[in-house]
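Protein chains in written order, with the working numbering: chain D, 1 to 165; chain U, 166 to 650; chain B, 651 to 1195.
Hint data in this document are derived by calculation from the structure and do not stem from the laboratory.
One or more hints might be untrue.
Said to hold, decoys possible - Just a few of them, taken from the derived set where beta-carbon distance is under 7 Å, the chain U residues facing chain B:
no., residue
1, Ile552
2, Pro553
3, Pro554
4, Val569
5, Ala577
6, Val588
7, Val596
8, Glu639
What the hints assert, rightly or not - On the chain U side, residues computed to face chain D include the following (Cβ under 8 Å):
no., residue
9, Ile236
10, Glu273
11, Ala276
12, Arg316
13, Ile375
Please read all numbers here as calculations on a predicted model, not as lab measurements.
For each residue, glycine too, the CB sits at the ideal point set by N, CA and C.
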Amino acid sequence: MSIELPVFYFLAAITIGAALIVVLGRNIVHCAFSLVLAFFGVAGLYVLLDAEFLAAVQVLIYVGGITILLLFAIMLTSRASGPGVRILNEQLGLSALIAGGLFFLLIYALWKGIPALAIKVPTQANVPTIGRVLMTSYVLPFEVASVLLLAALVGALILARKEKD
Amino acid sequence: MEITLPPVDLGAITPELIVTGTALVILLVDLFLPRDRKTPLAYLSLLGLVLAFAASLPLWGRARYAFKESISLDPFSLFFSSLFLLIAALTILISTNYLEREEIHRGEYYALLLFATLGMMLLAKGMDLVVLFLGLETLSISLYTLAGFMRARLRSNESALKYLLLGAFASGFLLYGIAFLYGATGTTNLKKVAVFLGKGAPLSDPFLFIGAGLLIVGFGFKVATVPFHMWAPDVYEGAPTSVTAFMIAGTKAAAFSAFLRIFLYSLAPLKPNWSAVLWVLAVLTMTLGNVVAIAQQNIKRMLAYSSIAHAGYILVAVVAGGELGGSSILFYLLAYALMNLGAFAVVILLGQKGEENLNLPDYAGVGYRHPLPALAMAIFMFSLAGIPPTAGFMGKFYVFSAAVKAGYIGLAIIGVLNSVVSVFFYLRVTVMMYMREPRAEVGPIYTSPALAAALVIAVWGTLQLGLFPGRLLELALRSIRPLLG
Amino acid sequence: MNVLNFPILSLVTYLPILGAIVILFLSKERHEAIRWVAMVFSTASFVVSLWLPFYFDSTTAEMQFVEKLPWIQYLGVSYFMGIDGISLWLVLLTTMLCAISVLCSWEAITERVKEYHVFLLILETGMLGVFMALDFFLFYIFWEVVLVPMYFLIGVWGHPARKLYAAIKFFLFTLFGSVIMLLGILAIYFYHGGQTGVYTFDVLELMKTAYPYSSALLSFQNLVWLAFFLSFAIKVPMFPFHTWLPDAHTEAPTAGSVILAGILLKMGTYGFVRFNLPMFPESSKHFVTFMVTLSIIAIIYGAMVCLVQRDMKRLIAFSSVSHMGFVMLGMFALNAQGVQGSILQMVNHGLSTGALFLIVGLIYDRRHTRMIAEIGSGLSKQMPVYATLFAIVMLSSIGLPGLNGFIGEFLILVGAFKVNYIWASFAVTGIILGAAYMLWLFQRTMFGPLEKPENMKLLDLNAREIATLVPIVIMFFWIGLYPSPFLKRMEVSVNHVLEQVEKGQAGKVNPGTKAASVGATERHLPSIIQPTSGTSEGAPGVRER
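Construct all of the structure, not just a fragment, from the sequences and the given hints.
Structure follows, in structure tokens:
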């Protein structure tokens, strides 16, 4: 048994535990910080899967960007940050049903296996590979993404800027 | 490390480049125009659209792929590109007046509209799920902003937020579906997916089904099929009217173009499975859209529900499949775009600043006060209801022909009965316009050459497609063939 | 075959819409000019259509004055017009009644005159097209186009109280029927295409194919027959699909009622005799009892309801239900007398009911009420010309010998009697009831003391009003005294239809061995995209038309 398995269990436990706090915690600030932990756990899992690039992106974007944004949002809307926020509502049953259904569907799919999937797991470091693919096969999507970001930027400006009159 | 760049075939994306370029130029020129003189930007964007259309003409020759098979230049994508350019052009024509009246005439409007058009064109051309997704996001993000363009109005903000939240939700489903499809087939390239499934791969792979199911959900949100339609009425009602027109005509066509490429082409071997699901969705969508539309008093909401119902008719054609079904979708989307844009042009025309006159009673007596716009509106309403000799009739005729041909008699019967139900609320507009006495006198309406041009084009197209649809039917058939192999 | 080498049918059909276009360019204030343009164009259409019976060849059952042009080749749709002995008289009826309708609206319509005449003329084009179209697609378009102007005529110029309800009910009822028919059309289109490899909406081609029939209710032919039935039965209207009719007729303006009763209802009966009988002979025979039962119910029920009406217009509306029952009864007797009588009775009913609505319209214009009790009695003293014309029209309607109604009803009764004397006896009951309610109506309004003060000042008919009724009255006598020009021209066509019904599948192309394999395996439409030529390879022995 390699070292990977205990590490995996460890990371998985961190992720799930933190995620549970995110969902069930009553103090929203605690929830946000737990989210950071959960993201880190997922990043760790990526590393275990030899996906360093994804792990780095996970940390950069989710931990560095999104969570910080969340915390800002919480700070700016102070009323919601107090303890005792209601975390369950009347749609609990329905959403539990749907979430549970999806869960079992996924488990079933995994159980049946993926006979068709024959992706070569890259052995060498995958950051250069991704870089190369982005600049060759996926050069068009790469460029489209930049237009997409421009549109988002313009949109954000439109919605956020102050009227001058 | 050696990187060999693939041949960059810019010729294949000239129309897209022109559209993008025009948008960038607009953003720049906008800086130098005074706040109340933004109309040149409208003409600039029209010019860009026309140039893009001209640039797409030489591409019709031979079908080919470009950018490592991530986009496809076939009649299918070119048909849709032209359709999107037309929709965008008509939208711009109906926008200028409206934006000025509502004092939201900003240069970014045109840029975002062009970005959205770019996204739609990529949705039609994309041969790779990644391209499709990026196209969809470009479209959606531009639309989120456009929906909220009337910042001063609460409804518009609500519309933008709702669209953003549910749109993001839908994107999530789509992305999840794409991931599953990738997991099942090992590729995001639609051609390779088709080859993979076509050569006898096990079609019972649960990943495949989950992927296809999630894609149906994701696209279901985008085209507003029941039960994923909840957002549509609120968003369409709240968004600026010109944007609503663009969304109703354009987004639906764009989402369907990608949907068709994925399902009719790549997932064709799974047709027995997904067509059963779509059968149910089609029935639900048509019925709910039409029945709920009856209860609407606001014309934008009514058209929103009617657009839901029309998505149902198109799903009927998807279920029917084959050359007839496929080409009928293309024809239908064009007819649908023309009559909806036309109807919204009239809605805009009859509105006043601050008082958009969107409730049905506002249309009382319009037929006698404003005969020409009312006549146009009546034509669009009859066309939407599927009364000959209009494009809407030909579209429905064609769709139900496909259903009968493919043996879906039950679906065809439900469809035509639905179209009878729909007549009820479309007629109500004409009842209001012609059979009710006008309300107390309201101010005169202001028209512009651009708006008039849009109306003329829409009326002409609606009647032309209704009376002499032959050439377009042939074009639609030619365009759908590449998908059917 | 077109003896004139001239598109006379198109000319007749499109003259009215040409007039509508001219009117669109007139200022809406110029009422007189608008009326004159409408009058000129509808009369021109009538005059041109008068040529048709003269050049009509009564020795052949083939379509005449044929025009055929490719239209949507991709779908096998052509612009195909032609008439035979069945449609000839309906075309003339249409042009005549439409001209009269323009005339009778002269003073009755004072608001929105421009729109009114535009719709009236579009309506005329649509109805003419229905009777002439020999391509299902074209037929369907005309069929639906008729709905829109009629809907506006009822909804805008109708009686204010319930016009919206009546207009929408009319529209939805008839649309419901026609969309189902559309599916039927598509079904035979694809069946025919699958069998012969030629996808076409050409009615004459589609008639050559035998559609699979078994005595089971849901066999292919029966289902398609029922789809057509639904559309036509609503239009006729047959019992129990008649509920839209009293509302629409009652609320419509006079011209609308005249056209509705005179022409629109004939579209339904015409559809039966043109399509259901020759195209689906087995099913037509299969459903004879069903059809006759419904017809007899309509005859008796319509007449009984008339007896209790207090509203003149409603009474005449219900009398239409009864009379159209006669037409359907004659048709489904499926013999020469019955069908000829049926077609003649279509024309007769168009004339006499149209005239009755004109009569009611005249009194309504003067008194603004349609209630028999409110109108009061003794009008003949004040309006002798009116009373005389009313009497003639009424007698025509109840089938007095010497007038047109008698010939039609007599032929229908003979036809029915030859098949089953019970049918005929029921029909006779209907005639007696018909005489009862019409005479009762006449007696209550025309005779008796002139009591109401409003009636004392009533003016008799002016020249224009007389002019609306005189042509019709002339036709009453002509058909009543000398019907043979009418019957002669329809005889061969009627016999041809009956022959087709008689022979059934034997007279048609049976599913060929070659064709069967095409239909079974092809999922796509290989031939639909090729322009279909007029001649069909799959159907041997096709005559070149």
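Status of each hint after checking the structure:
The restraint placing isoleucine 552 of chain U at the interface with chain B holds, with a minimum CB-CB distance near 6 Å, inside the 7 Å limit. Taking 7 Å as the C-beta contact cut-off toward chain B, the hint placing proline 553 of chain U at the interface holds, the least distance being around 4 Å. The criterion of a C-beta within 7 Å of any C-beta in chain B is met by proline 554 of chain U, whose closest approach is roughly 5 Å, and the hint holds. This hint holds: valine 569 of chain U has a C-beta 4 Å from the nearest C-beta of chain B, less than the 7 Å allowed.
Look at alanine 577 of chain U: its Cβ gets to within about 6 Å of chain B, closer than 7 Å, so that hint holds up. Against a cut-off of 7 Å between C-beta atoms, the interface hint on valine 588 of chain U holds, since the closest Cβ of chain B lies about 6 Å away. Interface restraint check: valine 596 of chain U against chain B, minimum CB-CB distance 6 Å, threshold 7 Å, status holds. A hinted interface residue such as glutamate 639 of chain U counts as satisfied when its beta carbon comes closer than 7 Å to some beta carbon of chain B; here the least separation is about 5 Å, so the hint holds.
At its closest, the beta carbon of isoleucine 236 of chain U sits 7 Å from a beta carbon of chain D; the interface hint therefore holds under the 8 Å criterion. Proximity of glutamate 273 of chain U to chain D holds as hinted, the smallest CB-CB distance being about 5 Å (cut-off 8 Å). The closest approach between the C-beta of alanine 276 of chain U and any C-beta of chain D is roughly 6 Å, which is under the 8 Å cut-off, so the hint is satisfied. For arginine 316 of chain U, the shortest C-beta to C-beta distance to chain D is roughly 7 Å, which falls under 8 Å, so the interface hint holds.
With 8 Å as the threshold, the beta carbon of isoleucine 375 of chain U comes within range of chain D, its nearest partner Cβ sitting at about 6 Å, so the hint holds.
Checked against the numbered hints above, the structure violates none of them.
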